[in-house]
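Chains A and B, in that order, are what the protein sequence lines are.
Position one of the first sequence corresponds to residue 56 (the working numbering), numbered consecutively onward.
Position one of the second sequence corresponds to residue 14 (the working numbering), numbered consecutively onward.
Think of the hints as simulated: they come from the structure by calculation, not from any bench.
Just so you know, these numbers come straight off a predicted model, no measurement behind them.
Misleading hints may appear alongside valid ones.
What the hints assert, rightly or not - Pairwise CB distance ranges, derived in the manner of DEER restraints:
#1 A:C345 x B:G120: 31 to 37 Å
#2 B:A50 x A:L108: 33 to 39 Å
#3 A:T172 x B:I57: 49 to 55 Å
#4 A:K111 x B:K250: 49 to 55 Å
#5 B:D22 x A:L209: 40 to 46 Å
#6 A:L114 x B:I46: 19 to 25 Å
#7 A:L209 x B:A50: 36 to 42 Å
#8 B:D22 x A:P321: 20 to 26 Å
#9 B:D68 x A:L206: 56 to 62 Å
#10 B:D68 x A:L209: 52 to 58 Å
#11 A:W263 x B:R207: 39 to 45 Å
#12 B:E112 x A:A258: 29 to 35 Å
#13 B:F53 x A:L276: 22 to 28 Å
As the list claims (entries may be wrong) - Covered stretches of chain A, going by a simulated chain B footprint (3 or more residues, C-beta under 8 Å):
#14 182 to 191
#15 203 to 214
#16 374 to 387
As the list claims (entries may be wrong) - Partial selection, computed: residues in chain B whose CB lies under 8 Å from chain A:
#17 F63
#18 M74
#19 Y85
#20 N88
#21 R374
Here a beta-carbon is modelled for each residue, glycine too, at the ideal position from N, C-alpha and C.
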Amino acid sequence: MHKNDFVRQLQTPGGSMKIRQALNLDYMLTGILITLCAISLLVIYSAGGQSTLYVKRQLVFILAGFVVMGLVAQFPPRVWERWAFLLYIAGIASLAAVLFVGVEINGAQRWLNLGFTRLQPSEFMKICVPLMIASYIAKNAIPPTFKHVVLAVLLIFLPVFLVIQQPDLGTAILICASGFFVLFLAGLKRSYLISAFVLALAALPSLWFFVMRDYQKQRVLTLLNPQQDKLGAGWNIIQSTTAIGSGGWSGKGWTKGTQSQLNFLPESHTDFIIAVLAEEFGLVGVLALCGLYLLLIGRCLFIGLNATSMFGRLIAGSIAFTLFIFIFVNLSMVSGILPVVGAPLPLISYGGTALMTLFVGFGILMSVAGDSKKR
Amino acid sequence: MNDDSTFIDLTRQHQIFVTRVIIACIVAIVMSIVIVARYFDLQITRHQDFVTQADNNRVHMRPASPSRGLIYDRNGNLLADNRPTYNLTIVRERSQDMEQLLVDLNGLIDISDNDITQFKKRLKRRKPYENTALKYNLSERERSILAVNSFRLAGAEVSARLTRHYPSGELFAHVIGYVGRINEEESQTIDTIRYSGTDSIGKIGIEKHYEDSLLGQVGNEHVETNARGRVMRVLSKVDPLAGDSLTLHLDRRLQATAHAALKDHRAALVAIEVKSGGILAMVSTPSYDPNLFVSGISQVNYSALVQSEDRPLFNRAIRGQYPPGSTIKPIFGLIGLQNEDISAEHTIDDPGYFYMDGVERPWRDHNSKRGGHGKNVDLAEAIIESCDVYFYTMSVDTGIDVLADYSQQFGLGRITGLDIPGEQSGIMPSKEWKRQARGQPWFNGDTINASIGQGFMLATPLQLAVMSARLASRGKVLEPRLVKARNGVEKPPTEQSAVIDIDSEHWDYMHRAMRDVVHSPRGTANRIRKDIGYNMAGKTGTAQVISISADDEYDRDKINQRQWDHALFIAFAPVEDPQIAIGLIVENGEHGSSTAAPVARLVIDEFMKNQPDQQLGQR
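Construct the entire structure; sequences and hints are all you get.
Below, the structure is given as structure tokens:
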């Protein structure tokens, strides 16, 4: 039926509106995404020492991302609602696989080698978990009952546990957050919220003593006093705040940032890319980027608020806030508010898997948006 | 469920969702404000701090080493120059693991434990991001090994540097001295900014005395470096100023001649240009190669030098203090004449010994067969044949204080003021001196000992030469000088030099007598007169190393060679218009006439070769 609609509308003369509707493409969302990706390419070019190597690769990822987004958008939300469980199972399986046959880089085993490229399954869990929880909760009572909450929490903690084993605390927390947002938006009772909060606080000491590795503890300590080990653990944070701070209002100009161009800035094209942008484009650049992000999140929420199904609402809302949390964690970490965890800046940092995950998410959003428009 | 309740339910669900979105939005807005506030704080409020920090990161001031002033002899021969050498240096901040780096480096080239110990000492004194030398003087092979492996030796680099080099090796070691690494003690006192471009400092000799002029002015370069310390570009630079070049009075040929003649002895020779007080030659043997010290002498080499019985590091020319022996007689004769204790006509009878009133023990005449110099010995004869008894007799009349007063004007018993450090003052005894130094009163016997340059009297070879020069110039008091010109500009003579108050006729008399020491068949130095093309004045001397009682004969075979007498000689030439004056001593050379005088002849011959006018005039 879906396909018939598509064909019929294509054959109808006139009306790009109709084609758009048929392709389920949200123009505003697409426009914001294209702008952000363009910015990403500009900053990556500068951060990569003005070599086009990373730019070319990222461009391929972006193009692939748009294709994936378009494909995902073609399926109505209920398909995703139905398939969420399978995706979740596949995600858990690949996470388990990582623990056994994963590729180890820098002491962390996070990647699966597919021969032509490496895949980071934990990144995909950032979309699989909210999908799973949204579909599970939407199917049952709203607001969720105790039983459902317990089950949902178990569904969240299983992948979180596996990711911690890699170890990748940052991603684990983000996965946890993305699942939690679904529960929160679904109207999780205030008493549950409070008890969850208290539990989380109580769990902090045991997190410190039993879960966190030494290098992770070091990062927290470094945050408190980066000067303590200037050339060691403190280096990253000192160099990134220096880069950001020296940017001033309008920055040093594109490709003119001394911190990034002279390699003082670590991971300048991936996790620390905001420091490059802040150094070269200043606070104006940072605020412009934040504005774009707000538009993007706003659009996601708008889609969520207009969604016809509970699943659509929950998934759109959780994607919007998860996106916010990603951005928040990255911006705080680079500017020295939070400890350094492996968290890229959505849509701007170089990296294929994270980008794909995001585009899958936006594809689902467009599917939700298209679904509500048709009704 | 009926439609109605479903509808209500759906509305309620939607409301819950909307409420939750609003709550989440409020939280998100608060969090966003935190972020924006943080970036505002970093980028606007603390902007200047971070600009400074970013600049400190990338911009480094590198000192630009000035090249040390060159040292030339009077004819423009280079005595000290600078050569490029290649050193292995490490910037600690740029090596990830310095200990590992040291291990890696040691695997590639040979680095001694001593290098590492020294390196770690230096490491403590340096500033952040400063190059610290690990190994000096890399060979070409070592340099290429390091170049090939440089990619995995972050923090290590090979840097070219100008290093002091002394082309004449041991020839000028005691005069010019050498530069060496700045040691811990020196690093406390030096101006660290002036020395930021170098790790060498003058240790002794000219290099030390003229350190300030030779050092030059350090320049600097502001360079932009990347995080690995690689210099990307030079932002600004101030060129260094080379140190002053010094031209010495020294004449390389004379130095070489004297050195060659003395190198198998423990000896010292100083030759002075009479008219200027400039040092023409200054030799102390045995010598050493100053180049050994420039980049840190090895323990083996150093022990060898320090432990050698001949003490090659000891600068005999200015620090060796010897009894001047009979070389003192000309000035004592002059003092006697001036003081009218004797006259040109005054004679004595010399039975070969001298008895002083109230002393049982006689003073022997060392320079005659038993039986003495005979009857009617006048001052000239006493100089020519070196008669001790004449001076024994005279000195008691003159008294030690008059002798001491004049002798000091001739340069004895006090620092001559030569422009290198370490000079010893020798001893010109007086009543006052003995009271202070020994706490004893002066005896006439002490005067008699002093009258032939023995007893308490001590003089350095430099002082002998100065005395000789003042004899030659008829009492003109000039300070001896090594440096003739700075950057080619000669220092104009400043003060009118003092003149020792002795009558002209006495000078004439003494010059004639000293000429006859060399040229008369009876002169003690007559064996060097053969084929001499000019008139030379001289005086031999012999200094006892051990005292021999008056009754015993000095028998060389019974005495350890190191206790043989020292041979001394002073000389100047040409007598008519003296140009060069010499003082020299050969330790354990026994007789001034046989060992020391021929060396003076060689040196003066060499000097006279380049004095065509004099040579023609005399022939």
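- prompt: Where does the structure disagree with the numbered hints, that is, which hint numbers, in rising order?
  reply: Failing hints, ascending: 1, 3, 4, 5, 6, 8, 11, 12, 14, 15, 18, 19, 20 and 21.
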